[in-house]
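A.B. asks: Protein sequences appear in the order of chains A and B.
Position 264 of the first sequence, counting from 1, maps to 264 under this note's numbering, and the rest follow consecutively.
Position 159 of the second sequence, counting from 1, maps to 159 under this note's numbering, and the rest follow consecutively.
Simulated from the structure, these hints should not be mistaken for laboratory data.
These numbers come from a predicted model, not from an experiment.
Worth double-checking, as some hints may not be accurate.
[Unchecked claim] Taking CB as the label site, the calculated pair distances span:
id	chain 1	residue 1	chain 2	residue 2	range
1	A	T341	B	D71	51 to 57 Å
2	B	T12	A	V283	42 to 48 Å
3	A	L321	B	R115	20 to 26 Å
Virtual Cβ for every residue (Gly too), placed ideally from N, Cα, C.
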Amino acid sequence: MRPLDLLGLAWGALAGQRLRAGLSLVGVAVGVAAVVVLTALGEGARRYVSGQFESLGTNLLIVIPGKNETTGSIPGIGGAPNDLTLEDAEALARRIPQAELVVPLAVGNETVSRGERRRQVTVIGATDGFLEARRLAMRSGSFLPEADWDRASPVAVLGSQLATELFEHENPLGGVVRVGEARARVIGILEQRGTQLGVNMDDLVIVPVASAMQFFDRRSLFRVLIQVGVHTEIALAEQRVIDILAERHGEEDVTCLTQDAVSGALGGILAVLTLAVAGIAGVSLTVAGIGIMNVMLVSVSERTPEVGLLRAMGARRRQILALFLVEAVLLSSAGGVIGLTASWLATQLVMLWYPSFPAQPPAWAIGASLALSLVVGALFGVLPARGASRLDPVIALGGK
Amino acid sequence: MIELADIWRTYTMGGEELHALAGVSETIEKGEHVAVMGPSGSGKSTLLNMLGCLDRPTSGSYRLAGREVGDLPDTELSRVRQTEIGFVFQSYPLVARLDAAANVELPMVFAGIGRAERRERVRRAMQAVGIEGRAKHRPAEMSGGQRQRVAIARATVMEPKILLADEPTGNLDSASGTQVLDLLDRMSADGLTLIVVTHDPGVARRADRIVVLGDGRIVRRMAGSQVTDLARLFSGSEA
Ligand SMILES: Nc1ncnc2c1ncn2[C@@H]1O[C@H](COP(=O)(O)OP(=O)(O)O)[C@@H](O)[C@H]1O
Ligand SMILES: [Mg+2]
């Protein structure tokens, strides 16, 4: 039998049972789309999170007051850790040669107002190095000036959204806002950035760290960020931090977080998540396959007399099998293509709504789902046909 | 050409044995026109299916053109069905989704014959049975007589040496039945070996000779012209 004729016969047979063919097609398409979309979401989540960490730079060391005890208590919460002071931060800056940047941070919530307009926002007390350490950019004006860390000064840098809220169409630069009780002059507006590690970088105020500690009436810093020049020296710097602070406090009472440790752990968790999602998707593909098998079983048992007729006119067993195989492969490959198209549309939609979410299916998921749908389709399509082709023609014909 | 020697076909149902054929021996020469008669359940269809290699005997020997059919592997049997034998059934089973021309073409598709030659042979076969005007009609759009003629065109398009017909006029009115029988007679006159199962004496009368089955055995042989005596014997006994 010629390949083109085989294709024509198979096509004719499919066209002759549209409902069943359609159901199989939908089954495969849904299975493939499920695999691809689910893994795209899982992979997207993983990339989103690791991207968030990478945007901070991989050479960042974060010093948190309080010791991360083996009891598992969260540092900074519960217990009363020693203060991590501005003087501590200055000592770190002086005594760690590997450190490119040291940024003391004080963080809190305050009401920021201008005339009648007021908002409760995150206030970050920082120093000039913060801009580089957090990879931020200025839209207009300038960032905090280089100055002694312990000198408060009445200036503020606004997030882009907050600037619009408070000033609308006016130029915010040089304007005066109230942060809590204190007045501050706006010297710069940040470029739009979105949410970074849970903080909306567009809706905040950045002031000199000494000013922030005055507003909050606090002696302890929230964090100290240390940017190390060379990635391989992070461990060295970390040890220095612990030694210096232990010497100053008389005990080891801080916790260091490195970029690698945090994003590594999270990335691992998310990779497991992607696998689990792929597993779920695989199950859905198998269920779709069983659906195809049911459809094919009905189809074959209904077409057993036809098989007998074809055998009576000289069709060989292999030709009958080839016919059903081509039908099944046509169905499942068409279903696979439809499923892929649908999942592409779905991921495009997700990216349209959440442009920062990289919902990209991994290549292995596309390959595996297509291969699986072909195999499942072919297997479940041909298995029932084997039985019919093995019958004696006269039995298949139904005793006619 | 066809040599049957002590053919048995036994069905086992619920531990009980049923002999659909119980020792049939018969020789049919090339070009003969034979009618097989007998009451319902006497084994006529079983015998015809055996002759058409659709079924295998439980025991006995069937030699076709000198070759023992029981020894042939499935692919070879398929080839025999494809090239040596044409089959016409009572209920003219056509493939419902294909039009008349495509139904006639089907055996040639499985035989791997090229498109151009297929088209030409379909045209000739349909002309021979007088349904060339129905090429694009589906089975559901044709009368019983037309469908049976499509079935005959399909059975003969591979130019077999033997044509087997199981009650070919059983479902037809007498006018279209006569048309079909005239057609078969013409093919027989052209040298085709024709074996027709029937319970209709009018059909059997056209044959060179008649074989009468009863309970899986041949109970009588006679010439076609002798059939009138039998008409009384079987009248009303067939379903
Ligand atoms: N597939 C089968 N299974 C069991 N018994 C069968 C089968 N086919 C035919 N028979 C039996 O064999 C006998 C002969 O059947 P058949 O050749 O169809 O008779 P006829 O065509 O003369 O009416 C009948 O008793 C029938 O019931
Ligand atoms: Mg019968």
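A.B. asks: Give a verdict on every hint.
C.D. replies: Now for the hints, and whether the structure bears them out:
Checked against the hint of 51 to 57 Å, the pair T341/A and D71/B passes, with Cβ atoms roughly 54 Å apart. Take T12/B and V283/A: their Cβ atoms lie about 44 Å apart, and the range 42 to 48 Å holds. Restraint check, L321/A to R115/B: a C-beta distance of roughly 23 Å satisfies the suggested window 20 to 26 Å.
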